[in-house]
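Engineer: Chains A and B supply the protein sequences, listed in that same order.
Mapping of the first sequence onto the working numbering: residues 3 to 144, in sequence order.
Mapping of the second sequence onto the working numbering: residues 18 to 214, in sequence order.
Since the hints were made in silico from the structure, they are not lab data.
Quick caveat: nothing in here was measured; it's all calculated off a predicted structure.
Keep in mind that a hint or two might mislead.
Said to hold, decoys possible - Pairs of lysine-lysine, BS3-like flavour, derived with a Cα cap of 25 Å:
#1 LYS100/A / LYS176/B
#2 LYS100/A / LYS82/B
#3 LYS158/B / LYS82/B
#4 LYS82/B / LYS115/A
#5 LYS152/B / LYS100/A
#6 LYS100/B / LYS82/B
#7 LYS100/A / LYS214/B
What the hints assert, rightly or not - Just so you have them, the derived chain B footprint on chain A, three or more residues with Cβ under 8 Å:
#8 27-33
#9 54-62
#10 69-80
#11 84-98
As the list claims (entries may be wrong) - One side of the interface only, derived from the structure: several residues of chain B facing chain A at Cβ under 7 Å:
#12 LEU142
#13 ASN190
#14 GLY191
#15 TYR194
#16 THR197
#17 GLY198
#18 PHE204
#19 LEU208
Glycine included, each C-beta is placed from N, C-alpha and C at the ideal position.
In case you want the letters, here they are:
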Amino acid sequence: MRRALYILARLALAGVFLWSAIAKLRDPWMLFAMEIDNMHVIPGAAVEFVARTLPWFELVLGLALASGVWARYVSPVAMALAVSFFSLVTLLYFQGFKGDCGCFGPGEQLGPKTVARDFSFVLLSIWVTWEAFRRRRGAPAN
Amino acid sequence: MRLLLLPLLFTAAALSAMDAPEKTVGAPNAPVTLEVFSDFQCPHCALLHFGALKEALGDCVASGKVRIVYHDFPLPQHPFARKAAQWAGAAARIGRYERVCDGLFRNQNTWGVTGDVEGAVAAELSAPEMAKVRKIMADPKALAEINRQIDADLAAGNKIPVASTPTMIMTGNGKRYPITGDVRYDFLKQLVDRIAK
């Protein structure tokens with residue numbers, strides 16, 4: 003039962019990253035770049051690099067989570083990314099930022115729902131990571 | 018996919034149908050249309066106006082790639098924003114919309130406190146021009162028409178929906194992209210070039 007729950011949770015987390023990646027990749031990268039730049043949280047020179055690479059990184063991460071390979075390496079990375087996104091949206095929300103969050107493509111204004119949703123992703127990623135490490139070394143993760 | 022695009026294209030067509038020609042800049046057949054929803058009391062709108070939009074006017078608009086359509090979106094927390102939109106609308110009727118926009122955005126920290134929008138507009142226009150604008154503002158029928166246009170802009174923005182100002186809607190090549198905030202021109206230009214291909 004717990005194993006089935008773990009697989010479901012891992013697939014759900016994979017779905018989040020795949021959804022996020024595809025939503026960004028189907029539009030020109032400049033849109034995501036403008037959303038990131040509007041947040042004023044990373045240096046201007048790094049905006050283009052992040053906008054071009056982050057969606058592909060999310061895609062690879064989502065595929066790795068879905069396949070279950072190297073779960074003990076992949077899930078902490080997913081957790082770190084989920085925590086980073088949650089920290090960023092929480093910071094921006096309390097700063098009064100009213101623009102797009104850029105989470106799942108353009109057109110989503112950052113608000114309390116964004117913060118709550120990202121928090122749920124953090125909890126999900128923590129549990130997936132915990133389960134990945136809980137399994138005995140050598141035992142298959144999926 | 019085409020079915021998904023239909024409502025977006027319909028909205029874009031509806032927006033275009035009610036564009037006020039005096040608040041539109043650029044070639045009517047430009048491949049890219051940029052709809053700008055802004056508030057004269059919004060600091061980020063001023064940054065966008067004097068940043069990316071000014072650069073776009075001198076580059077993408079001048080080259081015929083982009084048509085810019087200005088929409089008023091006075092926010093309820095800005096007490097003089099609607100008044101400013103009214104004066105700008107009146108100035109548009111004598112062909113001085115851009116000049117008055119420049120003045121209102123440049124001096125928003127002054128009239129935004131005092132409420133002296135008329136003074137800010139007068140500083141941008143010659144005496145005969147200002148007399149014409151005052152006459153338009155004093156005409157109840159003309160003012161009602163200006164208010165109707167502002168309400169139409171607000172309704173169009175709420176339909177999108179515009180959640181914050183400035184918000185731009187870029188339309189071209191059958192696609193439509195929402196863009197919020199005072200964005201960098203280099204990214205905006207690259208997006209225009211991509212869509213205009």
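Engineer: Of the hints given before, which are not true for this structure?
Structural biologist: 2, 3, 4, 5, 6, 7, 9, 10, 11, 12, 13, 14
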